[in-house]
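Assemble the complex: chain A is given as a structure, and chain G must be docked to it using the hints.
These protein sequence lines map, in sequence, to chains A and G.
If you're matching positions, the first sequence starts at 147 in the numbering used here and goes up one per residue.
If you're matching positions, the second sequence starts at 131 in the numbering used here and goes up one per residue.
Check the hints yourself; a few may be wrong.
[To be verified] Below, simulated DSS-like cross-link-like pairs (lysine-lysine); rule was C-alpha separation at most 30 Å, straight line:
hint : chain 1 : residue 1 : chain 2 : residue 2
1    : G       : Lys153    : A       : Lys811
2    : G       : Lys153    : A       : Lys167
3    : G       : Lys153    : A       : Lys901
4    : G       : Lys164    : A       : Lys327
5    : A       : Lys192    : G       : Lys167
6    : A       : Lys167    : A       : Lys717
7    : G       : Lys167    : A       : Lys270
8    : G       : Lys167    : A       : Lys401
9    : A       : Lys167    : A       : Lys192
10   : A       : Lys259    : A       : Lys166
Treat the hints as calculated values from the structure; they're not laboratory data.
Being a predicted model, the structure only gives us computed values, none of them experimental.
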Amino acid sequence: MYPSLQIFFEIRPVPGRVEKKDRRTEMKVLYDDVAIYVYARMYDDKDSVSHELVSRDNIGNADFISIIVDPFYDKMNGNGFFVTAAGVQFDAKYSQVGDEDPNWNAVWESAVKIDDLGWTCEMKIPYSALRFSGKDVQNWGLNFSRRIQRSNTQTFWNFVNPTVNGFINQEGLWTGLTNIKPPLRLSFSPYLSAYVNHYPANLPGVKNTTARFNGGMDVKYGINNSFTLDMTLVPDFGQVQSDNRILNLTPFEVKFNENRQFFTEGTELFNKGDLFYSKRIGSIPSYSNYSEIGTTDKIIKDQTEAKVLNATKISGRTAKGLGIGIFNAITSNMQTEVEDANGNLREVETQPLTNYNILVFDQSLKNNSSASFVNTNVLRQGSAYDANVSALLFNLNSKGNKYFVNGGGKMSYLRGAETSTGYSYILRFGKQSGNFTWRYNQVYADNKFDPSDMGFFTNNNFLDQTAGIGYSIYKPGKWYNQFESWLNLVYSRRAIPSAYQKVSLNSGYWVQFKNLWSAEFDVSWAANGNDFYESRNGQVYRAPGNFGLALYVNPNRAKAYNFGGNVRYFKQNLFNGEEYNFYLFQNFRLNDQVAFGLDLNFNPNYNFVNWTTMQGNQSIFSKYDRRTVENSFDAKYTFTNLMGVAVVLRHYWSDRRNKAFYLLKPDGNLADYQGATPTGTDRNYNVFNIDLIYTWQFAPGSTLTLSYKDAAETYQTYYMERYNRNLSGILSAPQNNSLSVKVLYFIDYLDLKRKRKRV
Amino acid sequence: MKFYLTFLLVLSMSLAFAQDPAKQKELQAVRTIKTPKIDGVLDDACWINVPIATDFF
Numbered sequence: 147m148y149p150s151l152q153i154f155f156e157i158r159p160v161p162g163r164v165e166k167k168d169r170r171t172e173m174k175v176l177y178d179d180v181a182i183y184v185y186a187r188m189y190d191d192k193d194s195v196s197h198e199l200v201s202r203d204n205i206g207n208a209d210f211i212s213i214i215v216d217p218f219y220d221k222m223n224g225n226g227f228f229v230t231a232a233g234v235q236f237d238a239k240y241s242q243v244g245d246e247d248p249n250w251n252a253v254w255e256s257a258v259k260i261d262d263l264g265w266t267c268e269m270k271i272p273y274s275a276l277r278f279s280g281k282d283v284q285n286w287g288l289n290f291s292r293r294i295q296r297s298n299t300q301t302f303w304n305f306v307n308p309t310v311n312g313f314i315n316q317e318g319l320w321t322g323l324t325n326i327k328p329p330l331r332l333s334f335s336p337y338l339s340a341y342v343n344h345y346p347a348n349l350p351g352v353k354n355t356t357a358r359f360n361g362g363m364d365v366k367y368g369i370n371n372s373f374t375l376d377m378t379l380v381p382d383f384g385q386v387q388s389d390n391r392i393l394n395l396t397p398f399e400v401k402f403n404e405n406r407q408f409f410t411e412g413t414e415l416f417n418k419g420d421l422f423y424s425k426r427i428g429s430i431p432s433y434s435n436y437s438e439i440g441t442t443d444k445i446i447k448d449q450t451e452a453k454v455l456n457a458t459k460i461s462g463r464t465a466k467g468l469g470i471g472i473f474n475a476i477t478s479n480m481q482t483e484v485e486d487a488n489g490n491l492r493e494v495e496t497q498p499l500t501n502y503n504i505l506v507f508d509q510s511l512k513n514n515s516s517a518s519f520v521n522t523n524v525l526r527q528g529s530a531y532d533a534n535v536s537a538l539l540f541n542l543n544s545k546g547n548k549y550f551v552n553g554g555g556k557m558s559y560l561r562g563a564e565t566s567t568g569y570s571y572i573l574r575f576g577k578q579s580g581n582f583t584w585r586y587n588q589v590y591a592d593n594k595f596d597p598s599d600m601g602f603f604t605n606n607n608f609l610d611q612t613a614g615i616g617y618s619i620y621k622p623g624k625w626y627n628q629f630e631s632w633l634n635l636v637y638s639r640r641a642i643p644s645a646y647q648k649v650s651l652n653s654g655y656w657v658q659f660k661n662l663w664s665a666e667f668d669v670s671w672a673a674n675g676n677d678f679y680e681s682r683n684g685q686v687y688r689a690p691g692n693f694g695l696a697l698y699v700n701p702n703r704a705k706a707y708n709f710g711g712n713v714r715y716f717k718q719n720l721f722n723g724e725e726y727n728f729y730l731f732q733n734f735r736l737n738d739q740v741a742f743g744l745d746l747n748f749n750p751n752y753n754f755v756n757w758t759t760m761q762g763n764q765s766i767f768s769k770y771d772r773r774t775v776e777n778s779f780d781a782k783y784t785f786t787n788l789m790g791v792a793v794v795l796r797h798y799w800s801d802r803r804n805k806a807f808y809l810l811k812p813d814g815n816l817a818d819y820q821g822a823t824p825t826g827t828d829r830n831y832n833v834f835n836i837d838l839i840y841t842w843q844f845a846p847g848s849t850l851t852l853s854y855k856d857a858a859e860t861y862q863t864y865y866m867e868r869y870n871r872n873l874s875g876i877l878s879a880p881q882n883n884s885l886s887v888k889v890l891y892f893i894d895y896l897d898l899k900r901k902r903k904r905v
Numbered sequence: 131m132k133f134y135l136t137f138l139l140v141l142s143m144s145l146a147f148a149q150d151p152a153k154q155k156e157l158q159a160v161r162t163i164k165t166p167k168i169d170g171v172l173d174d175a176c177w178i179n180v181p182i183a184t185d186f187f
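Excised from the complex, chain A in its bound form:
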């Protein structure tokens, strides 16, 4: 796996040092009526230039050159166009302070050449890839950035001071663009896909092998200079990377990464206020209704996901800095196939047709400040409840971005058979620039605040306060390049009725050494607390205090073979509960085209105590041992900068072996459980995935992808010993195999028009 590029406000290794003459960079930029053109000459020793081939939107082990433009010169919003020395394109959109969105994609041209003086690059960025005003004379924000991978050097044309928060606000200026007109931005990307799926269900009336065809289209339309409409009609997300599922023993849901591009690209406005968890759209809906399925019914075929029928984003920002975002998505109603006691089959609607909506207004103010309004709305067909959540937010920064204060208020309103209104607020302030920083956070949510229908949600009813200090050194010293440290104190109370929940401290130290290795040491401590969630029935549990240590080591990834990992120790102050974690990753680059990665994770727990089951109304806890083993292997072969194949294999095994049972007493303490030993409370969970994908970008913006997926999951309520048995068990379990092909073709309306003229 490759590190992300979010390194921008660290100029490494020596901030403010001018590049050496024999490593200097020379850039030229031209423009005409249709595009801007970039000339880049990177002086270097030609044999030292790193140029690993990776797929688009990755950098890999390669040098890069980039141009970053801010056409409205608002010092907040920009677009970056990167080309590596292997000719791989990477593009990103910058919105608020320091935020980089690599999921933003545009269609533009580039080429590179390695020669005796180092390497060179040319780019053509058409105006259709940019948003700008129609003013006669314009000044654009401009910066260039270059990376020399082997020495981990990143330099900028206009100095980006790492002690100043923000990146786009530290740009240079490109002056005097005259008479350029924003073009009509309209493109269509129709797609066709075909799937063959095999799962040995071996049930009468259920086919083991199924095939299906999909077709749909993405549309991008520039409504005016500043606003863009993105629409996906009958989207197909079948080739998206599988989630890394785990055995979750906590009372809270697990948050997964969004891998569907439509929901990650250009969504920064919709993520304001943390009210939007895009997996809710189709992947992990918050609502389902199984009340019409009786205890004598047998589920033949279930749907945990919902089909996305279409989704639309309209977003942009006016010249006066008002950002507006409108998001809409509709997911289909879903049926569960059920067999009753007499063998009759019927379909039950377990998910209704659902409409998801977001509306955002975000006004940029001076000094990278902003004020925003966000509303999310979920409408379900039929009697199921609807949800509406709103937030008013502000973010103020002092001149020079030194101090900040931000926060806001939120309100949720659920309307069904009963209505429920909940409130929450956030207040944060502190000092964010300089070597020494500090901050204070206060977050409150009452016991009715519930943004879960469109947002990620664990619990409400709290008042959490955090005070933190940080100290960083950005100037290299004798043995280090950079150093960061922090200390946070967290104090949490239940809101209604007010009660103490938790006090904890955590502190960390991160250092990058001269040899470009880095290490982080963390220490954490928590006092005994009151946990109102672990019991699952609202009863308080006197959660034991804990103590943890962790050491993380990261290698210099420029080396062809590199490895790192972590060692963690965690102690629970009850029954001497202990957790260890050993994680080792290794990366091996055979050459510029082929690379492998191997991750091994071993995570045993001994004598931990947690909730295990309910006996009637009583909450039963257990002392248990647990072991988690996770291994993954990835490999990639990149044939050219437009074609490659990548594979990821993952096996995860986690269990729970109960050793003693306890009854949760009304005072929150545990007593030995006197009843019959509960059965079926052990856990043994295995999941195995293969994701193989071949991608060929056969024309600008157009791709052919072939995907093979294999997935198997087993879940048992008894313990199975030994890793090998679990691995062979999961490999011989029913496998869901799917093979698919998808062709997506990008059509720019302007090209179509030009071609027609020629004919």
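For chain G alone, coordinates are given in the frame of chain A:
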């Protein structure tokens, strides 16, 4: 010795002035009629006499 010190001070000041990282850089935009061929080779005529942005930090 005194002379050297002053000299060094002046030198370092002038260096700092010439490449003061805190100063915002500017580049004049140039319109072109001929367009370059995007092949990575910088031999197109249109690149001649275009101002250069350099001195990265």
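Status of each hint after checking the structure:
1. Lys153/G x Lys811/A: 67 Å, violated
2. Lys153/G x Lys167/A: 21 Å, holds
3. Lys153/G x Lys901/A: Judged against 30 Å, a Cα distance of about 47 Å means the pair is violated.
4. Lys164/G x Lys327/A: Roughly 18 Å separates the two Cα atoms, so the pair holds.
5. Lys192/A x Lys167/G: At roughly 23 Å apart (the allowed maximum being 30 Å), Lys167/G and Lys192/A satisfy the hint.
6. Lys167/A x Lys717/A: Status violated; Cα separation ~54 Å.
7. Lys167/G x Lys270/A: 9 Å, holds
8. Lys167/G x Lys401/A: 47 Å, violated
9. Lys167/A x Lys192/A: Distance ~15 Å between Lys167/A and Lys192/A Cα, so the pair holds.
10. Lys259/A x Lys166/A: Between Lys259/A and Lys166/A the Cα gap is close to 21 Å, so the pair holds against 30 Å.
Violated hints, listed in ascending order, are 1, 3, 6, 8; each of the other numbered hints is respected by the structure.
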